[in-house]
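*Asks:* Could you build the full structure based on these sequences and the hints that come with them?
Read off the chains here:
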Amino acid sequence: MFIELGHFALALALFLALIQSVVPLAGAARRLAGWMAVGRSAALGQFALVAVAFAALTHAYVTSDFSVANVAANSHSAKPMLYKISGVWGNHEGSMLLWVLILALCGAAVALFGSNLPRELRARVLAVQGMVGAGFLLFILATSNPFLRLVPAPADGQGLNPLLQDPGLAFHPPFLYLGYVGSSVAFAFAVAALIEGRVDAAWARWVRPWALLSWCGLTVGIALGSWWAYYTLGWGGWWFWDPVENASLLPWLSGTALIHSAIVVERRDTLKSWTILLAILTFSLALVGTFLVRSGVLSSVHAFAVDPSRGSFILGLLLLAIGGALALYAVRAPALQGGGLFAPISREGALVLNNLLMATATVTVLLGTLYPLFMDAVGGAKISVGPPFFNQTFVPLMVPALVAMAVGPLLAWKRGDLAAALQRLWVAFAAAAVVVLVGLYLAGFKPVLAVLGLGLAAWVAAGVLSEWAERVRLFRLPLGESWRRARGLPRASYGMSLAHFGVAVMVAGVAASAFEQERIENLRPGEHIAIAGYELRLREVRTVPGPNFIADEAVMEVRRGGVVLDEMLPQRRMFTVQQQTTALTAIRSGLAADLYLALGEGDAATGWTVRAYHKPLVSWIWLGALVMALGGVVSLTDRRWRLGVAARRPAAVPAAAE
Amino acid sequence: MRRLVYLLPLLLFAALAGYFAFALISGRDPRELPSALLDKPAPAFDLPGLGGERLSAATLRGEVFVLNFFASWCAPCRVEHPLLLRLARQEGVRLVGIAYKDRPEDSRRFLAELGDPYRAIGIDRDGRVAIDFGLYGVPETYVIDRQGHIRKRFVGPLSPGQVERELLPLLRGLARL
Amino acid sequence: MRRVLALLLLLAGPAFAVQPDERLADPVLEGRARALSRELRCVVCQNESIDESSATLARDLRLLLRERLAGGDSDAAAVAFLVARYGDFVLLRPPLRADTWLLWFGPFAVLVLGAAVTVLALRRRAAATVPPPLSAEEQARLDRLLRGDGA
Chain C
1 MFIELGHFAL ALALFLALIQ SVVPLAGAAR RLAGWMAVGR SAALGQFALV AVAFAALTHA
61 YVTSDFSVAN VAANSHSAKP MLYKISGVWG NHEGSMLLWV LILALCGAAV ALFGSNLPRE
121 LRARVLAVQG MVGAGFLLFI LATSNPFLRL VPAPADGQGL NPLLQDPGLA FHPPFLYLGY
181 VGSSVAFAFA VAALIEGRVD AAWARWVRPW ALLSWCGLTV GIALGSWWAY YTLGWGGWWF
241 WDPVENASLL PWLSGTALIH SAIVVERRDT LKSWTILLAI LTFSLALVGT FLVRSGVLSS
301 VHAFAVDPSR GSFILGLLLL AIGGALALYA VRAPALQGGG LFAPISREGA LVLNNLLMAT
361 ATVTVLLGTL YPLFMDAVGG AKISVGPPFF NQTFVPLMVP ALVAMAVGPL LAWKRGDLAA
421 ALQRLWVAFA AAAVVVLVGL YLAGFKPVLA VLGLGLAAWV AAGVLSEWAE RVRLFRLPLG
481 ESWRRARGLP RASYGMSLAH FGVAVMVAGV AASAFEQERI ENLRPGEHIA IAGYELRLRE
541 VRTVPGPNFI ADEAVMEVRR GGVVLDEMLP QRRMFTVQQQ TTALTAIRSG LAADLYLALG
601 EGDAATGWTV RAYHKPLVSW IWLGALVMAL GGVVSLTDRR WRLGVAARRP AAVPAAAE
Chain Z
1 MRRLVYLLPL LLFAALAGYF AFALISGRDP RELPSALLDK PAPAFDLPGL GGERLSAATL
61 RGEVFVLNFF ASWCAPCRVE HPLLLRLARQ EGVRLVGIAY KDRPEDSRRF LAELGDPYRA
121 IGIDRDGRVA IDFGLYGVPE TYVIDRQGHI RKRFVGPLSP GQVERELLPL LRGLARL
Chain W
1 MRRVLALLLL LAGPAFAVQP DERLADPVLE GRARALSREL RCVVCQNESI DESSATLARD
61 LRLLLRERLA GGDSDAAAVA FLVARYGDFV LLRPPLRADT WLLWFGPFAV LVLGAAVTVL
121 ALRRRAAATV PPPLSAEEQA RLDRLLRGDG A
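Protein chains in written order, with our numbering: chain C, 1 to 658; chain Z, 1 to 177; chain W, 1 to 151.
No wet-lab data here; the hints were simulated from the structure. Warning: the hint list may mix true and false statements.
[Stated by the list, open to error] Dumping the calculated BS3-like pairs for lysine-lysine here, alpha-carbon to alpha-carbon at most 25 Å: (1) Lys152/Z with Lys382/C; (2) Lys152/Z with Lys446/C; (3) Lys40/Z with Lys152/Z.
[Said to hold, decoys possible] So the derived label-pair ranges between C-beta atoms look like this: (4) Gln139/W with Gly323/C: 20 to 28 Å; (5) Ala433/C with Leu113/W: 30 to 38 Å; (6) Arg147/W with Pro490/C: 45 to 53 Å.
[What the hints assert, rightly or not] For the chain W half of the interface with chain Z, some residues (derived, Cβ under 8 Å), not all of them: (7) Val43; (8) Leu57; (9) Gly87; (10) Phe89.
Remember, predicted model here, so these are calculated numbers, not experimental data. Ideal placement from N, C-alpha and C gives every residue a C-beta, glycine not left out.
*Replies:* Now the structure itself:
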């Protein structure tokens with residue numbers, strides 16, 4: 001009964017979304033307050049209805065109601081409760097429902113907290129949000145309905161894929177969808193601004209929190225996915241440039257450009273059309289990613305169950321949303337006149353450089369991901385584009401971005417003094433040089449690039465600290481005075497410092513992966529592997545039963561210098577129902593390095609294959625991502641967003657007529 | 001001129017969407033790999049035979065034949081087997097089999113149970129000959145002409161549709177050459 | 001062992017990649033094999049190299065690669081051996097050919113083009129905001145104001 005209620009609620013939500021798409025837009029055009037207010041009510045109502053629908057589906061999963069086709073296909077009574085719940089979005093239909101739930105939530109947030117937005121702008125934003133929501137609700141109801149019944153209801157479900165029962169994997173989609181949906185709000189703002197024909201600092205102030213929220217969601221979502229791959233897949237890889245991974249990276253890259261570009265619009269009233277384009281682009285990439293993952297045109301480990309009719313529908317959504325927005329852009333953007341001029345060497349100049357590099361990186365990843373598809377479609381040869389291509393093209397683009405990351409914040413707006421900025425960075429340069437020299441000494445001359453990467457990370461980290469020290473005039477004023485300044489700094493600047501510092505930490509982790517060591521050995525009880533100064537001795541392999549599997553568990557003793565430090569228990573699990581075997585890796589994480597163990601096949605007679613890795617600084621990759629996201633969150637809590645936009649004084653000199 | 005620049009994103013997007021639409025409509029399977037040896041000489045091979053005498057590419061030269069890689073442990077091979085029997089017995093197709101990574105006794109048992117459509121069978125225990133053909137799964141079926149060139153590859157179990165629309169017409173065409 | 005091998009053929013779950021018994025005794029050759037394996041695609045997997053993959057075909061190709069290297073093939077020859085059989089699809093680094101120019105040179109072209117457009121846009125904007133010159137009357141009025149004569 002609840003399911004039918006949920007189904008009905010979803011249909012009603014579609015109806016409301018359609019109203020939300022049309023009425024406020026008309027109201028804004030005719031300045032009818034009543035019509036514009038409909039946007040607010042519709043958004044709130046839509047959220048309530050979609051929440052009911054989502055609750056209904058969750059209820060079905062939690063109670064293991066196998067008369068619902070979606071539950072029967074993707075759940076099982078023996079699944080632990082946590083995974084029953086996360087199973088709600090672990091399939092195509094449920095994940096789309098989560099999408100629209102978050103979309104409706106964001107729309108409701110704009111409706112509730114947007115009271116200091118100009119009325120027309122808010123109405124238009126809600127209208128565009130409504131359109132996007134309507135599109136997805138229609139997609140769900142037409143092609144991906146989770147509320148279909150299965151008659152007769154089976155005794156139990158089929159969804160017990162052991163690979164999907166994992167905490168990291170359970171939370172990776174919600175964060176990613178938050179990222180994608182957040183970008184739809186920025187998109188709505190961009191389209192609304194184009195309809196209105198005006199982009200100003202107030203608009204930028206409103207867009208930035210949403211762009212930041214989206215970016216934080218994507219950062220955490222991507223990091224979670226990468227971390228999951230690391231501890232699950234048995235050889236410690238964490239990024240494969242797989243098409244679906246790229247699908248989440250693309251909006252992240254363009255989202256990074258967006259949050260930086262919006263700063264310039266806000267502060268200097270320039271780079272408007274470029275920022276609008278970025279806002280459109282970021283959501284477009286989220287949509288393109290959705291298309292790639294769910295339509296079956298690309299093959300990937302991650303791809304959901306594939307259906308060409310779904311692909312066509314999403315393509316239709318793409319055409320309407322992106323085509324429409326870009327057409328609007330082509331017509332309206334030329335009229336958006338910028339204000340402030342700036343010299344090439346300036347804060348704006350650095351941000352423009354960042355934009356350029358991020359945009360190029362986006363195009364690079366897009367090109368690499370789609371090229372095999374293009375060639376295949378035109379009947380050309382079948383080629384592969386894998387990690388070697390991306391490493392060769394993407395990494396060189398990031399190097400100048402990282403160099404500029406330390407310099408940019410030290411440049412003044414409008415016209416910066418590069419020499420002075422570089423002088424302030426002498427500490428950073430020294431730190432980088434020291435790291436490089438020490439690294440070369442310790443590691444030898446191979447791999448040089450990794451050592452340079454570490455130096456680059458040191459450059460950025462020390463640069464962040466130098467910039468902060470500069471702001472509080474550390475050591476140039478009495479410490480108490482510096483402390484007072486530090487407390488007075490806006491949250492957004494701490495957010496920036498944290499986020500950039502997080503980047504440095506992550507880059508260090510990535511660079512250090514070149515120094516990992518691997519040992520694969522066939523061990524009998526009593527034998528050991530020596531790696532990186534550790535001795536890993538196999539004590540025994542015992543059989544361990546689990547709720548839905550039987551596992552071989554190896555008891556590995558970790559010694560260093562003869563002292564037993566720890567015991568690690570890698571497992572090899574055989575799932576009885578699925579007839580599948582997965583390896584449960586044992587990881588001993590430390591700040592300095594991870595010890596990573598995986599167990600292969602074997603038996604008492606022939607011994608067991610054990611694979612051991614020593615991975616220096618690998619946890620820095622995810623720690624860095626977390627610090628980046630934290631920086632974004634800190635920025636979000638800046639008072640300026642909450643206080644709303646101060647009324648603008650009329651500009652002293654209007655921008656010169658064209 | 002300036003206005004044209006603003007039109008660029010839309011144009012690029014239109015091209016992209018066009019490609020996507022084309023990819024969707026064409027229904028190409030992204031996982032399917034076309035043979036790298038199409039219209040090239042089939043790899044030479046010399047394998048022990050299931051029936052006792054060896055199977056070599058040289059002895060097969062001069063006639064059109066269909067090479068089918070199979071295995072007793074391969075479920076889809078069971079599905080296509082009746083079709084192979086029909087091809088051999090009713091259509092007179094010259095079918096040659098290669099047992100891929102199979103123990104001879106298992107292959108014999110498989111053929112005893114399901115029927116033997118093959119003129120000759122080779123045993124490829126380590127799968128090297130299969131790799132020479134660019135095989136990436138079983139079953140796979142190759143059409144080889146009189147000159148010993150590979151004319152077509154079918155990946156996966158043959159379907160009646162493929163047989164009617166592609167295999168038989170090709171064989172008739174090659175027989176006339 | 002055979003039973004286990006049979007199980008490997010059937011399962012899709014992540015088990016293992018390079019096994020101890022595959023490795024070559026010569027560390028230089030083994031190093032070359034590992035490096036090359038990372039550049040070769042496992043054609044039955046979804047986006048894995050033969051170095052990472054646990055599929056049997058990947059193992060066969062790893063062994064074949066090592067045989068070719070041990071037999072004296074250069075890196076290029078060993079890879080060409082596999083490409084002759086499986087096509088360019090097996091290369092994770094796409095070859096540089098006329099039909100992949102766009103792929104390989106695209107990023108650089110975009111960077112250069114983007115930089116050019118940016119510079120031009122900035123220049124044009126700088127030129128556009130030069131205020132229009134004053135007319136003679138306005139100039140005279142300005143001079144009077146500056147002298148302090150009143151408007």
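*Asks:* Look at each hint and say if it fits the structure.
*Replies:* Going down the list of hints, with the structure as the test:
no., hint, result
1, Lys152/Z with Lys382/C, "17 Å, holds"
2, Lys152/Z with Lys446/C, "47 Å, violated"
3, Lys40/Z with Lys152/Z, "10 Å, holds"
4, Gln139/W with Gly323/C: 20 to 28 Å, "52 Å, violated"
5, Ala433/C with Leu113/W: 30 to 38 Å, "35 Å, holds"
6, Arg147/W with Pro490/C: 45 to 53 Å, "46 Å, holds"
7, Val43, "5 Å, holds"
8, Leu57, "6 Å, holds"
9, Gly87, "4 Å, holds"
10, Phe89, "6 Å, holds"
This entry does not satisfy hints 2, 4, going by the numbered hints stated previously.
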